[in-house]
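*Asks:* If you want the building blocks of each chain, they are given just below.
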Amino acid sequence: MMTNLAAGRAADRIMDMAADTAAEAQEMLAITDLKTHFFTQKGVVPAVDGVSIRIPEKQVMGIVGESGCGKSVTAMSILQLVSRPGRIVGGSIMLDGEELVGKSVKEMRNIRGNKVSVIFQEPMTSLNPVYTVGRQVSEAITVHRQVGKQEARQQVVEMFKAVGIPEAERRFNSFPHQLSGGLRQRVMIAMAMVCQPKLMIADEPTTALDVTIEAQILHLMRRLEEKSNTSIMLITHNMGVVAEICDFVYVMYAGKVMEQAPVFELFDHTKHPYTKGLLNSIPKPTEEKQRLYNIKGMVPNLLRLPKGCRFSPRCEYAMPECREREPELYDCGKNHKVRCFLYQKDQGGGADE
Amino acid sequence: MKKKTLALLLTVLFVLGAFAGCGSPAASTPPATTPTAPAATEPAASGIPAKVAPGYENIMRMVTNPQPDTCDPQQTTEFFCVNFMIFNRLAEAVTTGPGKTELIPSLAEKWEISEDALEYTFYLRKDVKFHNGNDFTAEDVKYTFERMLWPETGAKNQDFVDPIVGSDEVMAGTTKELSGVTIVDDYTIKVKLKVPFGPFIASMAAPAMGILDKEATEAAGKDFGLAADKTIGTGPYYFDKWVLNDELLVKRFDGYWDKQPELEGISWKIISDAETMRMMFEAGELDVFDTEFALSQLEYFTNSPKYANNIISGDRVGILYLTFNQQIKPFDDVRVRKALQMAMDRQGLVDALNGGRGTPRYGIFPAGVMGYNPNLPEIPYDPEQAKALLAEAGYPDGFEMTIAHDSSSTSALPRVELLASLLEDIGLKVTIDSMDSATWFATRAEGKLPAYTSTWSADYNDPDNFIYTFFAPGNTVKRSFNFNNPALSQRIVDARAIVDPVAREKEYQALEIAVIQEEAAWIPLYSVQHVFLVNDRLKGFKPSWNGWSDGWYYYDGLRIEN
Amino acid sequence: MARYIIKRILVAFPVLIAVSLILFVLLNVVPGDPVTVMMREHIKPELIEVFRERMGLNDPILVQFGRYMVNALRGDFGMSYKLQRDVSAMIREAFPHTIKLAIYAALVAWIIGIPAGILSAVKQNTLVDRAFMSFSLMGVSLPVFWAGLLMQYLFAFKLGWLPVTGYYSPRYYILPAIVLGWQSAGTIARLTRSNLLEVMKNDYIRTARAKGLGETVVVVGHALKNAMLPVVTMMAMQVAGLLGGAVMTESIFGIPGLGRITVDAMGTRDMPLLQGSVLFITAIIIIGNMVADLLYAFLDPRIRVE
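Residue numbers (the working numbering), protein chains in the order written: chain A, 1 to 353; chain B, 1 to 562; chain C, 1 to 306.
The set of hints was computed from the structure by calculation and includes no laboratory data. Being a predicted model, the structure only gives us computed values, none of them experimental. One or more of the hints may lead you astray.
Stated by the list, open to error - Footprint (simulated), chain C over chain B, 3 or more residues, beta carbon under 8 Å:
| # | stretch |
| --- | --- |
| 1 | 67 to 78 |
| 2 | 130 to 143 |
| 3 | 239 to 250 |
| 4 | 433 to 439 |
Stated by the list, open to error - A few chain B residues that face chain C, going by a derived Cβ cut-off under 7 Å, partial list only:
| # | residue |
| --- | --- |
| 5 | 226 |
| 6 | 228 |
| 7 | 283 |
| 8 | 285 |
| 9 | 445 |
| 10 | 474 |
| 11 | 475 |
| 12 | 478 |
Think of the CB as a built atom: it goes at the ideal place given N, C-alpha and C, for glycine as much as any other residue.
For reference, chain A alone in the conformation it holds in the complex:
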């Protein structure tokens, strides 16, 4: 009872705040209280359990968390490509003022690849091995735009050049297996950008790449974002990547947002114990040979969530209260919110310093 009321109040406040921010900057994406559940034989899995995310225009927004925390399901929910037996059971997804939840299959098809595009983690397996990369990228154009084959080809070649693919003309006719991992990911980015989408979701785009290539790809994305009107939702488990390119960060754990803040705020004033754990696991070049920090324990089974705070079983600071009821997102000011009882006192604004 108490929890519901609290959640309700929190939601109200978020709505208020959304209204505020909308006044200042155009919001490209506004996810509100999204619930995507999987209906398995063993029970209902709340993979995304009331998530609210805002992405202003022309920003790179990061979602971080360990695997299985609901980042990818959130992203797939936007495209409504959540595979069975999962489906959206509640909430709203507004893209540039347009409600996506409840859209028909046909309407969604017009959104995908056109207004919202995706880059996946594995550039090798994400491209169809039996077709040339040029053809696969052209397809993204021809499906949404009334253009001829030649014109599509021209656009693709230009896009290839834009994403830094050398010998773009020749590469048009290459098969995926003939390209290196980095080039393949550039192809994926080209495919994602070719229709100038409003939102590009990048789901672990650099995880499969080595460090130098990773940096190149991240810079490329940043540059494209700056040149176009595209907002980027970057999904990663790597805080280093976040630090590199994101403007704003959401930290997710077990289907819920645990902390959200502008990137510098988050790194400088890390609040949530889970976020601290994630930050500690970044290898620091200055401290050689230090063992990587690992958050003890495992992501909980979503079928059997612990009572109270979802992170409490793994939390060093867990208090008795934490095992009793679930904390709300407490606003700590400076656009920084934390779902932790430790910061209950700060809520209502006020500087932390």
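Keeping the supplied structure of chain A fixed, place chains B and C upon it in accordance with the hints.
*Replies:* Using the frame of chain A, we list chains B and C on its own:
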């Protein structure tokens, strides 16, 4: 949309498939068809639809199986369907009644036999033309005889010409000329025999003795008997086509010297599957269903009242028998052999295997063949007496024996099983050894088959064709009898020379008693009726005199009424 | 490419010779001989040796084999013992019937099998899926002769829609092609379904969907080509299967093809004919495999570009 149509189509197929599964083709219930109104004079028709392919309106459609190896009469020992119709012989054996035959003059108008029975003079018909227009003359007869013997021919029926003087030299290849044959003039020919041979004229009517055109046959070379247009005879039909593994077709020869046949032709489809054959017949795609090629279907037809008026049967001038190898102990003991003869419940076998359509036999010559003895003592069915004989021979507890079976002959297996159970009734332990055809024939030729059951029917109307085949010195080994009574074997050879019909008949009947009843050298079982089913449109069909599937289908009244 | 083909053809020769030798030895080891089975019931004792000698059966096996191979390399496959015809001519005459049947059957198999497999995969675990899969299971597990007799009984005999036997027009081939093709259709449907389900799990399918492609384009345009690659390989194996099945089908439907020749030749120990047809069938299977490999290379760019 396309997907939906396809799904629908497939679903329909699926449902039909399931439905078909319920009514298996072997179901004994007769298929329901709409009965047609019976014609005024004809008995009730079966309602078989007459499904006639264009061009076959007046062609009698039959089946043969297996496919003939060749239509050269000299090179085949078993497949005569085409040969019968496209050739004439010096004399023809015609059917005069069920299981009865008579020799009538054919290419020979008449013949004379000398006092000593060694010289035959044939007076040939003068107005005969071959299918290619050539005149038939004495030269062709001589050529036919000689070609049979030339080594390069590769003939398999030399035994028919073998009795003629000079045959050994020609066979050995030392000369091409058969010295025993003299051309008197174009239409008279004399033939000299080495020793008197009683059945010589009868054997000249056997299908192997079709008379060939010298010119055409020489020109055809290796193609003779294989290429339809090169296989030339004088018969009422000419060889129109042979599509390998499919069909043999003969068509009416307009220049035939005798009355024109009413049929436009005869077609033999080569069908190996009994079920298929039955369906074709019932669907109206065949005019004659020969149960000989599909014994498994006999019961279906004989039990079906619908086909009562379509059944035509003829006594087979032949005999089913069981043999045992006298080289294997204890079959060398006459008491054992007699015991086995007494173990046979012949009427029971006829009833169980042929629906009662047959006659028990106690000798070797079946009714219809010259020398048949209707007064032959019966061999009683007496298992007790049989056991006593076995005990007397030193086998009170029986012994083990094997019956070898040719697995390609599906109709033989039920017979073998029934025979085994009868033998087990007198205390024997019987093993059935199934062999494939080639193995079975090869083992038999080595004289090593332990025991088997088979059937023999007359090639020509003479007792020699039966007893010599099984008990002459060489034959008895190659057929795995290993009959071991040289005195009797010699008598069988000598009997061939008896010409006087009365003396002949007497000697053969004596031999039958000595070999079959006293020596108990084989176990006679029974003669069957050969059952044909005939389509409603075919009229006047008569089985051939000897009950063969192949026969001389040229006689008055055989016609098609569409 | 040309080098590859030449290499494959060169490799085929030893295979053919080995097959030939094995067959030769086998036929000499199993009991039974062509002469006695040729004479059957009317055996003439005095002629057996004459024929054995004439057919060269009294020579040592290796001599017989050598003679056969030398003649075969010259293109002379000898004369059938039983039918006394030129083996090459017989095969030439019979093969068109068999290949016609096999092509029709393959068409049936592909036209039915592929859509059935796709629909089953797309509608996985629905009634449609189950219906198709049990139908294809029937095809795979029903013996050809049984299915053949069944269809012949139902469609030709009971319903009278189609002829019972024959081969005179495409209409005659409908039943045999369905009977023979059903089995392959079943295999193809099952393989297509399982491959497609497997392929649909791939990341690039997700990519295709994320591009905004419709489900039909995703399945037919992106998944099918990948899913068909193993099916193409199987096609080669099906050449052997179809030729094998053709034996029964040809007997049931009275089609004078290669299958019947081969079976008859086996039954009569007709060495030249059997050798000839087995060699021919082996060659077809080798060619089938080669074509499948080339096709695979053509379809799969990962193999095409060496």
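*Asks:* Please go over all the hints and tell whether each is borne out by the structure.
*Replies:* Hints versus structure:
no.	hint	in the structure
1	67 to 78	holds (count 6)
2	130 to 143	violated (count 0)
3	239 to 250	holds (count 4)
4	433 to 439	holds (count 5)
5	226	holds, 6 Å
6	228	violated, 13 Å
7	283	holds, 5 Å
8	285	holds, 6 Å
9	445	holds, 4 Å
10	474	holds, 4 Å
11	475	holds, 6 Å
12	478	holds, 4 Å
Violated hints, listed in ascending order, are 2, 6; each of the other numbered hints is respected by the structure.
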